[in-house]
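Protein chains in written order, with the numbering used here: chain L, 188 to 677; chain W, 5 to 290.
All the given hints hold, so there is nothing to weed out.
Some chain W residues near chain L, calculated using beta-carbon distances under 8 Å: (1) 27; (2) 31; (3) 46; (4) 89; (5) 92; (6) 93; (7) 220; (8) 224; (9) 225; (10) 237; (11) 260; (12) 268; (13) 270.
Just so you know, the hints here were simulated from the structure itself, not pulled from any lab data.
Ideal Cβ placement from N, Cα and C applies to all residues, glycine included.
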Amino acid sequence: MSDQLDPHEIERLRSLKPKERMQIPRQQMPEQAPDVRRANFREVPHGLPAMTAIVEANRCLACKKPACVEGCPVGIDIPGFVALIVQGDFEGAVRKVKETNMLPAICGRVCPQEAQCEALCVVGKRGDPVAIGRLERFVADWEREHGLVEPPPTGAPTGKSVGVVGSGPAGLTAAIDLRRLGHEVTIYEALHAPGGVLMYGIPEFRLPKSIVSAEVEVVQRMGVQIEYNYVIGQIETVDELLERHDAVFLGTGAGLPWFMNLPGENLNGVYSANEYLTRCNLMRAYEFPYSDTPIAASERVAVIGGGNVAMDVARTAARLGAKEVYLIYRRSEAEMPARIEEIHHAREEGIVFKLLHNPVRYIGDECGRVCQVECIRMELGEPDASGRRRPVPVEGSQFTIDVDTVVVAIGNGPNPLVPKTTAGLDVDARHGTVKTNLETMRTSKRGVFAGGDIAIGAATVILAMGHGRKAARSIDHFLRTGVWDVEKVE
Amino acid sequence: MNEILENTVIAESVNRYVIAAPKIAQRRKAGQFVIVRVDEHGERIPLTIADADPARGTITLVVQAVGKSTAQMATLKPGDSLRDVVGPLGAPTHIERRGTAVVIGGGIGIAPAHPIAQALKAAGNTVISILGARTQALLIMEEEMRRASDEVIVCTDDGTCGLQGFVTHALADLIAQRGKPDFVFAVGPVPMMKYVSLLTKEHGIPTMVSLNPIMVDGTGMCGGCRVTVGSEMKFACVDGPDFDGHLVDFDELIKRQAFYKEQEQLAYQQMQERCQAESLAQATPS
Ligand SMILES: Cc1cc2nc3c(=O)[nH]c(=O)nc-3n(C[C@H](O)[C@H](O)[C@H](O)COP(=O)(O)OP(=O)(O)OC[C@H]3O[C@@H](n4cnc5c(N)ncnc54)[C@H](O)[C@@H]3O)c2cc1C
Ligand SMILES: Cc1cc2nc3c(=O)[nH]c(=O)nc-3n(C[C@H](O)[C@H](O)[C@H](O)COP(=O)(O)OP(=O)(O)OC[C@H]3O[C@@H](n4cnc5c(N)ncnc54)[C@H](O)[C@@H]3O)c2cc1C
Ligand code: SF4
Ligand code: SF4
Ligand code: FES
Numbered sequence: 188m189s190d191q192l193d194p195h196e197i198e199r200l201r202s203l204k205p206k207e208r209m210q211i212p213r214q215q216m217p218e219q220a221p222d223v224r225r226a227n228f229r230e231v232p233h234g235l236p237a238m239t240a241i242v243e244a245n246r247c248l249a250c251k252k253p254a255c256v257e258g259c260p261v262g263i264d265i266p267g268f269v270a271l272i273v274q275g276d277f278e279g280a281v282r283k284v285k286e287t288n289m290l291p292a293i294c295g296r297v298c299p300q301e302a303q304c305e306a307l308c309v310v311g312k313r314g315d316p317v318a319i320g321r322l323e324r325f326v327a328d329w330e331r332e333h334g335l336v337e338p339p340p341t342g343a344p345t346g347k348s349v350g351v352v353g354s355g356p357a358g359l360t361a362a363i364d365l366r367r368l369g370h371e372v373t374i375y376e377a378l379h380a381p382g383g384v385l386m387y388g389i390p391e392f393r394l395p396k397s398i399v400s401a402e403v404e405v406v407q408r409m410g411v412q413i414e415y416n417y418v419i420g421q422i423e424t425v426d427e428l429l430e431r432h433d434a435v436f437l438g439t440g441a442g443l444p445w446f447m448n449l450p451g452e453n454l455n456g457v458y459s460a461n462e463y464l465t466r467c468n469l470m471r472a473y474e475f476p477y478s479d480t481p482i483a484a485s486e487r488v489a490v491i492g493g494g495n496v497a498m499d500v501a502r503t504a505a506r507l508g509a510k511e512v513y514l515i516y517r518r519s520e521a522e523m524p525a526r527i528e529e530i531h532h533a534r535e536e537g538i539v540f541k542l543l544h545n546p547v548r549y550i551g552d553e554c555g556r557v558c559q560v561e562c563i564r565m566e567l568g569e570p571d572a573s574g575r576r577r578p579v580p581v582e583g584s585q586f587t588i589d590v591d592t593v594v595v596a597i598g599n600g601p602n603p604l605v606p607k608t609t610a611g612l613d614v615d616a617r618h619g620t621v622k623t624n625l626e627t628m629r630t631s632k633r634g635v636f637a638g639g640d641i642a643i644g645a646a647t648v649i650l651a652m653g654h655g656r657k658a659a660r661s662i663d664h665f666l667r668t669g670v671w672d673v674e675k676v677e
Numbered sequence: 005m006n007e008i009l010e011n012t013v014i015a016e017s018v019n020r021y022v023i024a025a026p027k028i029a030q031r032r033k034a035g036q037f038v039i040v041r042v043d044e045h046g047e048r049i050p051l052t053i054a055d056a057d058p059a060r061g062t063i064t065l066v067v068q069a070v071g072k073s074t075a076q077m078a079t080l081k082p083g084d085s086l087r088d089v090v091g092p093l094g095a096p097t098h099i100e101r102r103g104t105a106v107v108i109g110g111g112i113g114i115a116p117a118h119p120i121a122q123a124l125k126a127a128g129n130t131v132i133s134i135l136g137a138r139t140q141a142l143l144i145m146e147e148e149m150r151r152a153s154d155e156v157i158v159c160t161d162d163g164t165c166g167l168q169g170f171v172t173h174a175l176a177d178l179i180a181q182r183g184k185p186d187f188v189f190a191v192g193p194v195p196m197m198k199y200v201s202l203l204t205k206e207h208g209i210p211t212m213v214s215l216n217p218i219m220v221d222g223t224g225m226c227g228g229c230r231v232t233v234g235s236e237m238k239f240a241c242v243d244g245p246d247f248d249g250h251l252v253d254f255d256e257l258i259k260r261q262a263f264y265k266e267q268e269q270l271a272y273q274q275m276q277e278r279c280q281a282e283s284l285a286q287a288t289p290s
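Isolated chain L, as found in the complex (with noise of 0.2 Å):
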């Protein structure tokens, strides 16, 4: 990435116009080209360059009443730090953003921009809107690559302590706040490394892992104790870290993954997205054998999912060496939940899109793999509950498709575990998730916490960060006050 500034094209830019600004065309972020990253697992753009960064933050409008902050589940100061982009104050931005956020490379890399921030962007409604993800990315990797991260200040001590359970977005940013705060605090993480599923989950080509390492150093440099190989409701229970700790905040999010109950799920290589991310991710099963862990070897990989999670899967497939892979997903392309970013990039690295069609059995070769999806046709009916229209099987338009590999990537709701072990805490019986107080992250149990996906079912990054922000308020106002029923937190 080019550092370079020009200051007389710096000062050009900022004496434009409104009218000449909105003349500026977005600005691309260069990238690996398909054929070559779909190769390696090297993260897929490159960032922006320094002085591209300036020329894209002179298409903000600095509006006074910035819709993009409504955007933003956090309400970062968009305006603010894209202004500090245009004077070439760097520092100054990722100083802005933090106040904030506190994991900027990562939620400039995962977010779902064009659906928050971006989507509101007055720019947007002419052309393309402001690139913002982009931009936070590049103020957090700036800061990153000069060695200028420092850890917030920690707050005087208040003799409190609470026990965090789960090391994910929700868990680290709760952590974070709360050593603001001045709290002592300890992870809990049931694997042996940290990051939940910005580790085992999302790809290296989309986050890289040294990015997720570095933020969790930031928040072990702050005083957070990490326990790892820690799997609370089997060492431990929620009611015992209660007798260490002050508070709980429970961050497990949504681990469990979802079949689909179709005959042949069980046979050999077919595998959860959870199992076939896991193995490569926290596994490192693309260095096998010279990392332990095997993953199955492809030419031909079913994936069955419109979402994130099924792009991921489907790219992964990919590198790993499949000639074809296929994404079977029941609905339309309009209905996919995946970032259209994601849909694009999976298109270009040459995922097959078998839209609207549903796997209905798999079958296995004598040895018990894999070797066939049968699947259906479907055609869109009458809108369902939650809007989209509903998609329904044509009758008699089953057909197979040979494959090796199938990976069922349909969802994940919460790991029942610690609800389980935990008495006295409320559970949403239709969806498994922790029954939570959005307002003060309060669950059913006294001095118990809750965020991000074991709250609301799986959702994003920055929703979780999002709660465990406000959980860390929330219990610092109980460890302050000793009341627990609350409506709202200020």
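Please build the complex by placing chain W with the ligands on the supplied structure of chain L, with the hints as guidance.
Chain W with the ligands in isolation, oriented as in the chain L frame:
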């Protein structure tokens, strides 16, 4: 990091490890397991907790070297450490007083059978243990099992020790001579558990088996360990590892366990070649 305090060879390719893991030692119950990673590149290996000493803060694992990871583990010395030990995992074995309980351990399965026998005995059952091995050199933990049981029947495939034949023969004889026991618990190779379950089903004897499908996380996150029990999908790491032997689809489990066989053999072979090359390099003065 968890220090290895002892590593003893107790039979051909079978080692007993005593590992510092104070919290797990306090917590674990019969039937639970840990997942171990030897080093930074290591895979996650599930291993049953064969014994524990809460006072000393140790757990005991009995491991058969069958592939790369378990062979690598066997080279570790006291004072070395395992990179990760997570546990206790799985649901504890349901232990109740039933009368006469037969505990069957086949091969390396004798190690996980041991805490079950202990617990059943402590709950007031008369425990008859049937230990099976291919040959005498592979028979493990006979002494420990004798201490944990009221009676022990040993059988080997080749007759080098105890009765000649499979554990199912010993069980059939036992039923014929002394009548039906009240409960059977079997752990070992899947075909053994399958045939034990078929036999006890015929006689209507409640039977639990401990399943060992391929696992990754051990917390219910990946679904890799799924098994079919009574035509329902179960995750062995959280719903089990113990299940009703009369309901388990053993044939499916046998296939699932063999899925990575070729890749695993390749990895093992490469490790052995590397080791040979290294020892050769050390042996040759430069
Ligand atoms: C493949 C994939 C791709 C995604 N892509 C995007 C994307 O592009 N953009 C986006 O915004 N969102 C994306 N998401 C969703 C996003 O990752 C999640 O919404 C977010 O990670 C939720 O954060 P969390 O902190 O609630 O939980 P998680 O990230 O799930 O973390 C939970 C942590 O808790 C630990 N844990 C669980 N149970 C226990 C226990 N009993 N004891 C101790 N620890 C425990 C887990 O090991 C884990 O580390 C994606 C999700 C997946 C699976
Ligand atoms: C709940 C449970 C308890 C177990 N307890 C014991 C025990 O007490 N002592 C013991 O010696 N063994 C035990 N095993 C089996 C042990 O985990 C495997 O032998 C070991 O993982 C093999 O690894 P490897 O790399 O040495 O061999 P590999 O060459 O990788 O594999 C050899 C065979 O071991 C099995 N295996 C491989 N990887 C895994 C995995 N991740 N999970 C489960 N099985 C795998 C497969 O069937 C494979 O074909 C247990 C397994 C489970 C699931
Ligand atoms: S955190 Fe997400 S929504 Fe908020 S400004 Fe950044 S990219 Fe946009
Ligand atoms: S809405 Fe768009 S133009 Fe207005 S401040 Fe936000 S980013 Fe800038
Ligand atoms: S090992 Fe992953 S769910 Fe059981």
